[in-house]
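Participant: Chains as they are written, first to last, in the numbering used here: chain E, 1 to 117; chain X, 1 to 144.
A few of these clues could be false.
Okay, derived cross-link-like pairs now, SDA-like style, lysine to any residue, Cα gap no bigger than 25 Å in a straight line [claimed, not checked]:
id: 1; chain 1: X; residue 1: Lys89; chain 2: E; residue 2: Leu33
id: 2; chain 1: X; residue 1: Lys144; chain 2: X; residue 2: Arg29
id: 3; chain 1: E; residue 1: Lys42; chain 2: X; residue 2: Thr19
id: 4; chain 1: X; residue 1: Lys30; chain 2: E; residue 2: Glu86
id: 5; chain 1: X; residue 1: Lys32; chain 2: E; residue 2: Gly88
id: 6; chain 1: E; residue 1: Lys42; chain 2: X; residue 2: Val40
id: 7; chain 1: E; residue 1: Lys42; chain 2: X; residue 2: Glu93
id: 8; chain 1: E; residue 1: Lys42; chain 2: X; residue 2: Arg42
id: 9; chain 1: X; residue 1: Lys32; chain 2: E; residue 2: Gly44
id: 10; chain 1: E; residue 1: Lys42; chain 2: X; residue 2: Gln72
id: 11; chain 1: E; residue 1: Lys96; chain 2: E; residue 2: Glu78
id: 12; chain 1: X; residue 1: Lys144; chain 2: E; residue 2: Ser113
id: 13; chain 1: X; residue 1: Lys32; chain 2: E; residue 2: Gln43
id: 14; chain 1: E; residue 1: Lys42; chain 2: X; residue 2: Lys32
Since the hints were derived computationally from the structure, they do not count as laboratory data. This one's a predicted model, so the numbers in the text were calculated from it and none came from an experiment.
Okay, here's what each chain looks like letter by letter:
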Amino acid sequence: MTLEDLIALTGAQNMTPELPLDTQVSCGYTCDLLSWVMAHGKQGMAWITVQTHMNVIAVASLMEMAAVIIPEGIPMEEPSLEKAREEGVAVLQSDKTAFALCALMAQSGLPSSRPED
Amino acid sequence: MSQVLIREVFPVAAGAYETAGEASAAIKRKLKQLGVDSGVLRRVSVASYEVELNLVIHSMGGTLTLTVDPQQVTLCSKDVGPGIPDIDKAMTEGYSTANEEARSLGFGAGMGLPNMKRNASTFEIQSQAGVGTSITMGFRLDGK
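The task is simple: from the sequences and hints, build the whole structure.
Facilitator: Structural data, given as structure tokens:
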């Protein structure tokens, strides 16, 4: 699945349209504890979180994630979006809940970050 | 003594959540330029971010020193306090003394130190209450 496919699937708004849309998305994940995500994040991951501060972008960038998805219409602060553009981390904003987003991604065949799931 | 390819010191300020991760991002860029294997790069990135966050959340300020030689990447964190009274407890997954501000940002899962140890080839921690903490992590470039 590409980032473009993910946007089409979720109907999310692309907050970083400057970034390439052909980035490969490897798996889906949701968690709001950044230290937990640092321990369990994967390259190419689409990560759903309600956190919107700059450290979200730092984590996503260090883990080389494909995208951060902010659910339930929560806005991400402009400084975080600026950093996302700088670091090349795609940010999507959705009105759907994290649960609904996960369900959509799973139904479309996107795997969990853990092969045993 | 191995030949040192890079040695750089990054200061990290206490409580600087806004800029947290910048030292780790700079370290990652440097290692990428050197052509360090992507697996090693990810492990260094995770550990450096965790240790940088620890300096921001828990310390009264400190430094992160990056050293690269042909065999390994070494990250050394030194701070000026307050020190860790019980290292065994601090190394336990899920144990955290992070304050409310840190927790509200999604930190304080008690995963930092165990996560560093898991990602590094070698991990040494020394701490004295009231004095400070130093952590030295080695990452072998052959990935072992």
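Participant: Going straight from one Cα to the other, do Lys42(E) and Thr19(X) come out at no more than 25 Å?
Facilitator: 23 Å, holds
Participant: Starting from Lys42(E), check that the Cα of Lys32(X) is at most 25 Å away, please.
Facilitator: 18 Å, holds
Participant: Holds or violated: are the alpha carbons of Lys32(X) and Gln43(E) at most 25 Å from each other?
Facilitator: It holds: about 16 Å lies between the C-alpha atoms, which stays within 25 Å.
Participant: Hey, Lys144(X) versus Ser113(E), does the alpha-carbon distance stay inside 25 Å?
Facilitator: The hint holds at about 23 Å.
Participant: Next pair to validate is Lys32(X) with Gly88(E); report whether the Cα-Cα distance is within 25 Å.
Facilitator: 15 Å, holds
Participant: Going straight from one Cα to the other, do Lys32(X) and Gly44(E) come out at no more than 25 Å?
Facilitator: Roughly 18 Å separates the two Cα atoms, so the pair holds.
Participant: Between Lys30(X) and Glu86(E), is the straight-line Cα distance small enough, at 25 Å or below?
Facilitator: Cα-Cα ~17 Å, so holds.
Participant: Hinted pair, alpha-carbon criterion (25 Å max): Lys42(E), Val40(X). Please report holds or violated.
Facilitator: Distance of about 14 Å is within 25 Å: holds.
Participant: For the pair supplied as a hint, Lys42(E) and Glu93(X), confirm whether the alpha-carbon distance does not exceed 25 Å.
Facilitator: 20 Å, holds
Participant: Straight-line Cα separation of Lys144(X) and Arg29(X) no greater than 25 Å?
Facilitator: With Cα atoms ~22 Å apart, Lys144(X) and Arg29(X) stay inside 25 Å; holds.
Participant: Does Arg42(X) lie within 25 Å of Lys42(E) when you go C-alpha to C-alpha?
Facilitator: Since the Cα atoms of Lys42(E) and Arg42(X) sit roughly 10 Å apart, the hinted pair holds (cutoff 25 Å).
Participant: Lys96(E) and Glu78(E) were given as a pair; does the straight-line alpha-carbon distance stay at or below 25 Å?
Facilitator: Judged against 25 Å, a Cα distance of about 21 Å means the pair holds.
Going down the numbered hints, you'll see the structure goes against none, and every one checks out.
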